[in-house]
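**Q** Sequence:
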Amino acid sequence: MSFYITAVSAVSRFFGLIAMVLTGSAALVVTHMVIVRYFLGGSTVWQTEYVVYALVAATFLGSPYVLLNKGHVNVDLLQLRAAPAGRRILQTLSALAGITFCALLAWSGWVYFHEAWSFGWRTSTVWAIPLWIPLLPLPLGVGLMVLQYIAEIIKIQGGAQ
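Numbering follows the UniProt record's numbering, in which position 151 of the sequence shown is assigned residue number 151; successive positions increment by one, without gaps.
One or more hints might be untrue.
Stated by the list, open to error - As a list, the in silico SDA-like pairs of lysine to any residue whose alpha-carbon atoms are at most 25 Å apart:
(1) 70 x 127
(2) 70 x 158
(3) 70 x 84
(4) 70 x 146
(5) 155 x 88
(6) 70 x 83
Treat the hints as calculated values from the structure; they're not laboratory data.
Note that the coordinates shown come from a computational prediction; the quantities given were computed from them, not determined experimentally.
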C-alpha cells in the first residue's frame, strides 16, 4: 500500500505542477490581451477562451494536489472533539462521500468528453477548437481525486493522520 500512496501522491504533485503552469500561462495571456487590445488597438480572438479553459483545467487537474495537501474546505468541528477512533471514522466517511461525488462526476464528465470526441464537436467561437480538449480535465481531474481519496483513506486507516 505504501507504493500506491507514493505513486498517487507523485501523480497528484505532477498535476499540481500542470495546474501551476496553466494558471501562469493564463496570467500571461491576459497580459498579452490587455497590451494588444488597449495599447496596440488590436482585437483578440482566442485569448479569452484560452484563459477560461486554462483556469477550469487548472482547477480540476490541481484538485488532487490540493487534497493531498489538505487544502480543501473542511468543517472539522466534530473531528476535533472526537476521540482518535471517532476521528478516523469521521474522516473515512468524509472521504467515502468525496469518492462517491467524484466518481459520479468523473463518469458523467467522461460521457460528455466521449460524445465530444466521437462526434467531433467544436466550440462555437471563432477559435473553434475541438470541444474534447477543454472537457478532458473534468473526468481526468476528478478521476485522479478518487485515487487520491483512496490514498487518504489508506493513510487514515494506517494511523498516518
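**Q** Each hint needs a verdict: does it hold in this structure or not?
**A** Hint check:
no., hint, result
1, 70 x 127, "violated, 37 Å"
2, 70 x 158, "holds, 17 Å"
3, 70 x 84, "holds, 18 Å"
4, 70 x 146, "holds, 15 Å"
5, 155 x 88, "holds, 10 Å"
6, 70 x 83, "holds, 20 Å"
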